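Novice: Residue-level listing of the chains:
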Amino acid sequence: MVGIVSYGAYLPKYRLGRSCIMDAMGWLAPGLMTAASGERTFCNWDEDAMTMAVAAAWDCMTGQDRAKLDGVYIASTSLSFADRDSASILKCALNLKDDVTTADFTSTQKAGTSALVTALEAVQGGDKKQILLSASDSRRTKTAWFHEMWFGDGAASLVLGKDNVVAELVGSFSLSQDFVDHYRGTEGKFDYNWEERWIRDEGYGKIIPQAVKGVLAKTGLKPTDITRIMFPCLFGRAHWEIAKSMGFTKEQLSGNMHEETGECGVAHPLIMLARELETAKPGDKLLVASFGQGSDALIFMVTDKIKNLAPRMAVSGHLANSRTEYTYGKFLRFRDLLNTEMGIRAEVPMQTALSAMWRDRKLILGFVGGKCKACGTLQIPKSNVCVKPECGAVHSQEDCEFVGRPAKILTFTSDLLAVSIDPPASYGMIQFEGGGRMIMDFTDCTMNDIEVGVPMQVTFRKKYYDKDRCFTGYFWSAAPAFKKPA
Amino acid sequence: MATGIRDKVAILGMGCSRFGERWDMSAQDLIVEAFEECIKDAGIEKKQIQAAWFGTAFESQHVGLSALALPITLRLPFIPVTRVENFCATGTEAFRGACYAVASGAVDFALAQGVEKLKDSGYGGLPNLGSNGGPAHFMVMPNMTAPGMFAQLASAYRAKYKIERDDLKNALAHISAKSHANGAKNPKAHLRKAVTVDQILASPIIADPLGLFDCCGVSDGSACAIVTTPEIAKSMGRKDLVSVKSIQLALSNGYEMQYNEWQGDHFVTADKASTRAYAEAGIKDPRKELSMIEVHDCFSITELVTMEDLHISPRGGAIKDVMDGFYDATGGVPCQIDGGLKCFGHPIGASGLRMLYEMYNQLLGRAGDRQLKDPKFGLTHNLGGMPFMNVCSVAIVGRYN
Numbered sequence: 000m001v002g003i004v005s006y007g008a009y010l011p012k013y014r015l016g017r018s019c020i021m022d023a024m025g026w027l028a029p030g031l032m033t034a035a036s037g038e039r040t041f042c043n044w045d046e047d048a049m050t051m052a053v054a055a056a057w058d059c060m061t062g063q064d065r066a067k068l069d070g071v072y073i074a075s076t077s078l079s080f081a082d083r084d085s086a087s088i089l090k091c092a093l094n095l096k097d098d099v100t101t102a103d104f105t106s107t108q109k110a111g112t113s114a115l116v117t118a119l120e121a122v123q124g125g126d127k128k129q130i131l132l133s134a135s136d137s138r139r140t141k142t143a144w145f146h147e148m149w150f151g152d153g154a155a156s157l158v159l160g161k162d163n164v165v166a167e168l169v170g171s172f173s174l175s176q177d178f179v180d181h182y183r184g185t186e187g188k189f190d191y192n193w194e195e196r197w198i199r200d201e202g203y204g205k206i207i208p209q210a211v212k213g214v215l216a217k218t219g220l221k222p223t224d225i226t227r228i229m230f231p232c233l234f235g236r237a238h239w240e241i242a243k244s245m246g247f248t249k250e251q252l253s254g255n256m257h258e259e260t261g262e263c264g265v266a267h268p269l270i271m272l273a274r275e276l277e278t279a280k281p282g283d284k285l286l287v288a289s290f291g292q293g294s295d296a297l298i299f300m301v302t303d304k305i306k307n308l309a310p311r312m313a314v315s316g317h318l319a320n321s322r323t324e325y326t327y328g329k330f331l332r333f334r335d336l337l338n339t340e341m342g343i344r345a346e347v348p349m350q351t352a353l354s355a356m357w358r359d360r361k362l363i364l365g366f367v368g369g370k371c372k373a374c375g376t377l378q379i380p381k382s383n384v385c386v387k388p389e390c391g392a393v394h395s396q397e398d399c400e401f402v403g404r405p406a407k408i409l410t411f412t413s414d415l416l417a418v419s420i421d422p423p424a425s426y427g428m429i430q431f432e433g434g435g436r437m438i439m440d441f442t443d444c445t446m447n448d449i450e451v452g453v454p455m456q457v458t459f460r461k462k463y464y465d466k467d468r469c470f471t472g473y474f475w476s477a478a479p480a481f482k483k484p485a
Numbered sequence: 000m001a002t003g004i005r006d007k008v009a010i011l012g013m014g015c016s017r018f019g020e021r022w023d024m025s026a027q028d029l030i031v032e033a034f035e036e037c038i039k040d041a042g043i044e045k046k047q048i049q050a051a052w053f054g055t056a057f058e059s060q061h062v063g064l065s066a067l068a069l070p071i072t073l074r075l076p077f078i079p080v081t082r083v084e085n086f087c088a089t090g091t092e093a094f095r096g097a098c099y100a101v102a103s104g105a106v107d108f109a110l111a112q113g114v115e116k117l118k119d120s121g122y123g124g125l126p127n128l129g130s131n132g133g134p135a136h137f138m139v140m141p142n143m144t145a146p147g148m149f150a151q152l153a154s155a156y157r158a159k160y161k162i163e164r165d166d167l168k169n170a171l172a173h174i175s176a177k178s179h180a181n182g183a184k185n186p187k188a189h190l191r192k193a194v195t196v197d198q199i200l201a202s203p204i205i206a207d208p209l210g211l212f213d214c215c216g217v218s219d220g221s222a223c224a225i226v227t228t229p230e231i232a233k234s235m236g237r238k239d240l241v242s243v244k245s246i247q248l249a250l251s252n253g254y255e256m257q258y259n260e261w262q263g264d265h266f267v268t269a270d271k272a273s274t275r276a277y278a279e280a281g282i283k284d285p286r287k288e289l290s291m292i293e294v295h296d297c298f299s300i301t302e303l304v305t306m307e308d309l310h311i312s313p314r315g316g317a318i319k320d321v322m323d324g325f326y327d328a329t330g331g332v333p334c335q336i337d338g339g340l341k342c343f344g345h346p347i348g349a350s351g352l353r354m355l356y357e358m359y360n361q362l363l364g365r366a367g368d369r370q371l372k373d374p375k376f377g378l379t380h381n382l383g384g385m386p387f388m389n390v391c392s393v394a395i396v397g398r399y400n
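Line by line, the protein sequences give chains S and G. First residue of the first sequence? That's 0 in numbering that gives the first Met the number 0, and the numbers climb one at a time after it. First residue of the second sequence? That's 0 in numbering that gives the first Met the number 0, and the numbers climb one at a time after it.
Don't read these hints as lab results, they were simulated from the structure. Owing to the predicted nature of the structure, the values given are computational and were not obtained by experimental measurement. Hints are not guaranteed to be accurate.
[Stated by the list, open to error] Here are the in silico distance ranges between beta carbons for each label pair:
#  : chain 1 : residue 1 : chain 2 : residue 2 : range
1  : G       : Thr195    : S       : Ser36     : 51 to 57 Å
2  : S       : His181    : G       : Gln262    : 32 to 38 Å
3  : S       : Pro405    : G       : Pro186    : 54 to 60 Å
4  : G       : Lys238    : S       : Val384    : 28 to 34 Å
5  : G       : His136    : S       : Thr445    : 24 to 30 Å
6  : S       : Pro422    : G       : Pro186    : 33 to 39 Å
7  : G       : Glu35     : S       : Glu340    : 41 to 47 Å
8  : G       : Lys45     : S       : Ala352    : 42 to 48 Å
9  : S       : Arg468    : G       : Ala193    : 32 to 38 Å
10 : S       : Glu432    : G       : Pro203    : 32 to 38 Å
Don't be surprised by glycine CBs; every beta carbon is placed ideally from N, CA and C.
Please model the entire structure based on the sequences and the hints provided.
Specialist: What follows is the structure, encoded as structure tokens:
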């Protein structure tokens, strides 16, 4: 049996009330009115597809053994590096062993399901026991157009394996076609989109049914055998009409999440799948399909083991952890779509010493510190000489992970002088339970959220962007701890 | 057995430029302004200076690397000159080098000079170094500024002693108002306007809870000292001698930042450095024996907690002393009688020497409108870096014999 062993998700805390786009830009594009309801997710200034992929992966690994993973895949069309393996960054952010296979799946909206099919095949083939897949997207759009409203940012993560499967693969069917509803050239910042009516009728309307029929035929199942069907579609009414045309009822159709998040690109089919898994019962059959230069359609059957999964944030937890913004300028600035004056203070050298980054990779990407074998003191960063004054043992520290350790604020400030895309820049020292402390940037909070003693968690974030060299520097920040579902 | 440097070194002369936004002056111009006063005060010729220590912290903003700017500017006669940098303790480090050279008997006359030209950066506050601050810092340290680093003391101090925000803000405002009142009397000070507590409390927030008036000036300036032995000074006919009683430094070792004990509310280093300084100077009860102090009031909160680290106010008792006026010009231990970093200004490399300049002038009765009655011991204190990782210097000077 191969299938899904665990699932997780991540949605940024920030939501944009779509009405503010209409308010700001309706004078230019009055048609926006037709899509101006609900909210979409958007990344904080220090988030991107990479950081969301890490957050979803950590959610997915709740109660799971990271040592069992022997492959890590990322699927996205909005990664910060064209030539640097993002899956390896994810592997480091999870502090996995070095002997794992990594791969980035990209360049199409169906990359998430293609990676899923590939991972399942690799596990089926027997060479890999467990593969972690994170699908994540944060697509930039031109301002004052429908895609800005339709799109959202988000990520979902799955562990695929043979043991402890919570949703068994029943079958999959893949379809590849060079149907170009939109494209983004290698040098391009934005998508170029063809006419929506054509995409609706010739794209979604034909390709999704072809893939769904394909997987049903392959597995010998009928639409009535399927508990829930999920597939992305930007057009709300067409979404239902396509499902209906294939013989599904409204009760079977999983919503396209337009009202809550918007469509999260490559991650979207997997976010929909994760949301269904949260409430699925043993025996349920879930059909998920993607759309982008063809489609992958997969059917999973939920097993008894789903009851054993540890509580996690998943989609519903993140949907509940939200902060809605109606300041359109903030959305644009966070996405670097507005050329604001940042002052001469912002003009600093930003070169990253890649050799130093490699030496410190465990700290920078994995947030790994040290534990002194002589006295037991936890400390971060790990160092050659133990920091405990009465100890001072030399070369005594073994690796010690700090991600996931409960922590509290010891000191803090909110700084209006520091160069920040989201002033005031809040930061301070956090003290980890059981030992270790670090002075860190705070994120996903306002001045009112922070006080000495407030519980915090560390979260993988974009620390800086070096525009001269197109380099994104990642590190960990501290954010108010999630209130995890019990 | 080491005996320290108490009374082994006398200050022969001092000089200090006017501090401020000296748009028309380069670092070299400021060096000359301070040195001219100093060499005249010392009563020696330039060629008698046998060694010099040159302090500057943000050298990349003005003089560049090495000590060469000092001998080239002053045309010193091919003597040894060493550049020192140790955050905000830089000026005191230069002084320490010169004093140790004299105390060891290596030279008869040594020069310590500090300078900083900060107002060529194009923006307010201290320079932002980015990746030039070192790769390890750049990749992991938060996006901090100086006010933000020190503002965190306030959050931790409030939490530890359960103090309401307004009560702390009032004490901090009193500290700044006092320094403005003192600075207004100082012709060399950067900021010479008296301000009220209400004006201070109404000023915009820079890094919560610190407002604009909780922050010291960012200034250009230079200060210097020529030191010799008391014996040589006496042989030159000098009567009222100011001698060095102690110079101590304490540097963080990661304890505050990485071990689990420090609560973020005070300076471990200042506690250690001042304890050692009192021992070296033979001071038993600083609250009674110190006549005046110049502390590193980069921010009002730094001054507040430093009063406790210097063992003058009891732990948790600084607010009461401040509000009682104990540190005012008329109080038990006047603090920042020259206006402090707050109003005299803070050209990093010069600041430690500027503090000593005021103590020296007070001890010689030359402080004009600010003159305190019959001072005996003056303490200076610098704190460079950030509360969780810093360099602290404490120097004590006093009348010789």
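Novice: Against each hint, give a clear statement of whether it holds in the structure.
Specialist: Evaluated hints:
{"no.": "1", "hint": "G/Thr195 to S/Ser36: 51 to 57 Å", "in the structure": "53 Å, holds"}
{"no.": "2", "hint": "S/His181 to G/Gln262: 32 to 38 Å", "in the structure": "55 Å, violated"}
{"no.": "3", "hint": "S/Pro405 to G/Pro186: 54 to 60 Å", "in the structure": "56 Å, holds"}
{"no.": "4", "hint": "G/Lys238 to S/Val384: 28 to 34 Å", "in the structure": "52 Å, violated"}
{"no.": "5", "hint": "G/His136 to S/Thr445: 24 to 30 Å", "in the structure": "27 Å, holds"}
{"no.": "6", "hint": "S/Pro422 to G/Pro186: 33 to 39 Å", "in the structure": "38 Å, holds"}
{"no.": "7", "hint": "G/Glu35 to S/Glu340: 41 to 47 Å", "in the structure": "42 Å, holds"}
{"no.": "8", "hint": "G/Lys45 to S/Ala352: 42 to 48 Å", "in the structure": "44 Å, holds"}
{"no.": "9", "hint": "S/Arg468 to G/Ala193: 32 to 38 Å", "in the structure": "50 Å, violated"}
{"no.": "10", "hint": "S/Glu432 to G/Pro203: 32 to 38 Å", "in the structure": "37 Å, holds"}
Hints 2, 4 and 9, counting from the list given before, are not met by this structure.
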